[in-house]
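Peer 1: Go by the hints and put chain E onto chain W.
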Amino acid sequence: EPEVTQTPSHQVTQMGQEVILRCVPISNHLYFYWYRQILGQKVEFLVSFYNNEISEKSEIFDDQFSVERPDGSNFTLKIRSTKLEDSAMYFCASISGTAYGYTFGSGTRLTVV
Amino acid sequence: SQQGEEDPQALSIQEGENATMNCSYKTSINNLQWYRQNSGRGLVHLILIRSNEREKHSGRLRVTLDTSKKSSSLLITASRAADTASYFCATDGRGSSNTGKLIFGQGTTLQVKP
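If you read the sequences in order, they're chains W and E. So the first sequence is numbered by the numbering used here: it starts at 53 and just counts up by one. So the second sequence is numbered by the numbering used here: it starts at -19 and just counts up by one.
Here chain W stands alone, though its shape is the one from the complex (with noise of 0.2 angstroms):
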């Protein structure tokens, strides 16, 4: 069954410092989404994107965030310098098509030091 690919699978990284989380969507998906989950809370969508643009984003999603889909394979989150509170458990997923549940990557948890 087709998979939604994360790496890496957990990532350390010091405070101020930058970070990209790669995903690898399903190939014939054609939204997709990052989305959060701070440990023992609720996941939290970050942002959703779709033909080349990002279609909405959420109030966490501030300038400190991008995303990018450099080569219509990778689908990328970038956080330009990392917060102790960015610590969390960082979900890619992607649809074939709105009305259809999602496909989740495995994640990837960030700790930021």
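Calculated directly from the structure, the hints in this document are not laboratory data. There's no promise every hint is true.
Stated by the list, open to error - Not everything, but these chain W residues come out facing chain E in the computed CB check (under 7 angstroms):
1. 83
2. 97
3. 148
4. 153
5. 156
6. 158
As the list claims (entries may be wrong) - Under the rule of at most 25 angstroms between Cα atoms (straight-line distance), these lysine-lysine pairs were calculated in the DSS-like manner:
7. 6(E) x 49(E)
8. 94(W) x 109(W)
9. 109(W) x 6(E)
10. 109(W) x 130(W)
11. 94(W) x 130(W)
12. 36(E) x 6(E)
13. 135(W) x 94(W)
14. 109(W) x 135(W)
15. 50(E) x 6(E)
16. 94(W) x 49(E)
17. 130(W) x 50(E)
18. 50(E) x 94(W)
Don't be surprised by glycine CBs; every beta carbon is placed ideally from N, CA and C.
Peer 2: Same frame as chain W, now just chain E:
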């Protein structure tokens, strides 16, 4: 309560028993989805029910949706130890930009004892 709130927050049952989890939401929806998350792992899509549907089945799962009460329930029948996980409802809101954004609830942690 916030969009997509589940109850109970935690549920512990014996193998073979049925588990029922409830979800309430506030705004109009296109669909409501249920996901499972094993500890520290990714989210697995279980079932999607559209706003014009009232009940849906998938294997041992049964989902109901009551749009007049803005609530949904997930029933897992004949539970197994492997069903131990957190279960989340998520709503795809109507009237937004139709980006497919999901709003998740806090989840129900289910423990099935062998």
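Peer 1: Does the structure break any of the earlier hints, and which numbers would those be?
Peer 2: 3, 17
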